[in-house]
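*Asks:* So the chains spell out like this:
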Amino acid sequence: MNVQDFVEGIKRGDRRILAKAISFAENGHPIAKEILRQIYDKTGKAQVVGITGFPGTGKSTLVSKLVEEFRKRGKSVGVVAVDPSSPFTGGALLGDRLRLNGADVDKNLWTDERVFFRSMGSRGRLGGIAKKTGDVVKLLDAAGYDMILVETVGAGQGEIGILEVADTAIVVLMPEMGDDIQVNKAGILEIGDIFVINKSDLEGAENLERWLSFTLSLDSSDSAEKGSANAERWRKRVIKTVATRGEGIKELADAITEHFEFLKRSGTLEIKRAERTKMMALEIAMEEIRAEITKRCSNLLLDSKDPYTIAERILKDIIKI
Amino acid sequence: MEKIRVLIAKLGLDGHDRGAKIIARFLRDAGFEVIYTGLHRTPQEVARAVIDEDVDVLGISILSGAHIPLVPRVLDFTTQYGGDPNEIVVVVGGTIPTEDIPKLKACGVDAVFIPGTPISEIIKFIKQKVAEKRRDNL
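Chains as they are written, first to last, in this note's numbering: chain A, 1 to 321; chain B, 1 to 138.
None of these hints come from the bench; they were simulated from the model.
One should not assume that every hint holds.
Mimicking SDA-like on lysine to any residue, the simulated pairs with C-alpha atoms at most 25 Å apart in a straight line are [claimed, not checked]: (1) 105/B x 131/B; (2) 129/B x 316/A; (3) 127/B x 89/A; (4) 129/B x 86/A; (5) 20/A x 81/B; (6) 33/A x 13/A; (7) 107/A x 40/B; (8) 107/A x 131/B; (9) 316/A x 293/A; (10) 3/B x 254/A; (11) 103/B x 133/B; (12) 133/B x 2/A; (13) 72/A x 281/A; (14) 131/A x 124/B; (15) 11/A x 274/A; (16) 236/A x 20/A; (17) 127/B x 88/A; (18) 124/B x 23/A; (19) 3/B x 236/A; (20) 107/A x 71/A; (21) 129/B x 28/A; (22) 33/A x 281/A.
Just some of the chain B residues that point at chain A, by a computed CB distance under 8 Å [claimed, not checked]: (23) 37; (24) 38; (25) 82; (26) 130.
Backbone N, C-alpha and C fix where the C-beta goes; we use that ideal spot for every residue, glycine too.
One chain only, chain A, in its complex shape (with noise of 0.2 Å):
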């Protein structure tokens, strides 16, 4: 198959051309780039929603429950779940699939023709996805999935590498986590648009979703010294769930709908997408630079033995910056 086959098959739908453009694109294999430059063009009409939070919240369990709200709404979904890779073996144990609902629901979600769910491991990048999840999002985006939901790996405080693809940002919380403290640490906190308080039937839901709306009320009323006076602002919400009942499930679905809402309305999509846009092409540039440099050191004569000299010259003698 040719980068053509490729690009039309991705543009009429076919299941199987996706998926194996989606390998190729994980591969880092060279078809997938031109691939990506040739979709380019059709991406962009679906509302990206990353899903992260602490391991064991909840999120593969949530993510299903709304794959199946946004269906019944008729919305086309696709899913990206990136799981862990073991830094020591590179394996991987992919699990999130295993919470999709099945044939045990009105819906099947497995076998329903406008769901798309691939499951990634994290291959060595830090920060809850992967290096390719953007171009996987970018693929199920230009084969026109309506809703795009990327779960990040189980994550604990500064991980925010979600911030790279998704136009929504979902955290999950559960109750018994820890203290205001924990509510109040830098990171993955300020990231949200939207908190899910998951297994709220469980003691201590009140008292998190308490700590949480005072948090987010501190934050507000600091941006709004900062913001100008017109700009629209988000106002974000704390949504209490049972993920396994289905409780919460609308409200949150809502919500995510008006967040798309409120980004378009505002122009914030607009900026958000272009600084993403500018980010991801950096990131393409540095990686072509990386491998150059690699390539021009492997000979790298150790002249020094420390490595800030040694950079020096890099930079001076091969570089020529």
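Go by the hints and put chain B onto chain A.
*Replies:* Frame of chain A; chain B shown alone:
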């Protein structure tokens, strides 16, 4: 070298997945990306996952005795959904009576591993067979 992607599937009413989980774990340690389906999948569901996840290997773990009706159905649906079962390595593991092994192989199964098979043998077989199929399908 591209990663080897494996789908470990459990079909039908079979409720025993300790073996499947242990195999998944060992394959992970061999450097493979392993996707586990969970219990009680239908042949259609597994076939769809084979396509969407673009796996190199389909491993069906089956202890219920229903391998003769179920395994060929998975392969039929894979074809029906636009896939090519010849491109993937199909292995079956579990309590398979000796006389059923030729029947499974006749419908496209590459290997059957019965209880007691050393894990190293399974890993070696998968690596070899995937390399062959990748060569054939270049």
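*Asks:* If a hint holds in the structure, say so; if it does not, say that too.
*Replies:* Evaluated hints:
Note on residue 105/B and residue 131/B: the hinted pairing holds, with a Cα-Cα distance of about 20 Å set against a maximum of 25 Å. The hinted pair formed by residue 129/B and residue 316/A fails the criterion: a straight-line CA distance of about 49 Å is larger than 25 Å. Our distance criterion of 25 Å between C-alpha atoms is met by residue 127/B and residue 89/A, whose separation comes to about 15 Å. For the suggested pair residue 129/B and residue 86/A, the alpha carbons sit about 24 Å apart, so the restraint of at most 25 Å is met.
Between residue 20/A and residue 81/B the CA atoms are separated by roughly 14 Å; this keeps the pair inside 25 Å, and the hint holds. Between residue 33/A and residue 13/A the CA atoms are separated by roughly 19 Å; this keeps the pair inside 25 Å, and the hint holds. A hinted pair counts as satisfied when its Cα atoms are at most 25 Å apart, and residue 107/A with residue 40/B qualifies at roughly 16 Å. As the CA atoms of residue 107/A and residue 131/B are separated by approximately 38 Å, the hinted pair breaks the 25 Å bound.
Between residue 316/A and residue 293/A the CA atoms are separated by roughly 12 Å; this keeps the pair inside 25 Å, and the hint holds. This hinted pair does not check out: residue 3/B and residue 254/A have alpha carbons roughly 39 Å apart, beyond 25 Å. Of the pairs offered as hints, the one joining residue 103/B and residue 133/B holds, with about 22 Å between alpha carbons and a cut-off of 25 Å not exceeded. For the proposed pair residue 133/B and residue 2/A, the alpha carbon gap of about 20 Å is at most 25 Å, so the pair holds.
At most 25 Å may separate the alpha-carbon atoms for a hinted pair to count; residue 72/A and residue 281/A exceed this at roughly 36 Å. Under the criterion of a C-alpha separation no larger than 25 Å, the hint pairing residue 131/A with residue 124/B is inconsistent with the structure, at around 29 Å. Annotation: proposed proximity of residue 11/A to residue 274/A holds, straight-line Cα distance about 23 Å (limit 25 Å). For the suggested pair residue 236/A and residue 20/A, the alpha carbons sit about 38 Å apart, so the restraint of at most 25 Å is broken.
For the proposed pair residue 127/B and residue 88/A, the alpha carbon gap of about 19 Å is at most 25 Å, so the pair holds. Distance hint between residue 124/B and residue 23/A is fulfilled; the C-alpha atoms sit about 23 Å from each other, no more than 25 Å. Restraint check for residue 3/B and residue 236/A: not satisfied, since their Cα atoms lie roughly 40 Å apart, outside the 25 Å limit. Taken as a hint, the residue 107/A and residue 71/A pair is honoured in the structure, with Cα atoms around 9 Å apart against an allowance of 25 Å.
Taking the CA atoms of residue 129/B and residue 28/A, the gap is about 23 Å. The hint holds against a cut of 25 Å. A hinted pair counts as satisfied when its Cα atoms are at most 25 Å apart, and residue 33/A with residue 281/A qualifies at roughly 12 Å. Checking residue 37/B against chain A by beta carbon gives a least distance of about 6 Å; that is within 8 Å, so the hint holds. Here the hint on residue 38/B is kept, as its CB sits about 3 Å from the closest CB of chain A, short of 8 Å.
The criterion of a C-beta within 8 Å of any C-beta in chain A is met by residue 82/B, whose closest approach is roughly 5 Å, and the hint holds. Because the smallest distance between the Cβ of residue 130/B and any Cβ of chain A comes to about 13 Å, over 8 Å, the interface hint for this residue is violated.
When held up to the earlier numbered hints, the structure conflicts with 2, 8, 10, 13, 14, 16, 19 and 26 and fits the remainder.
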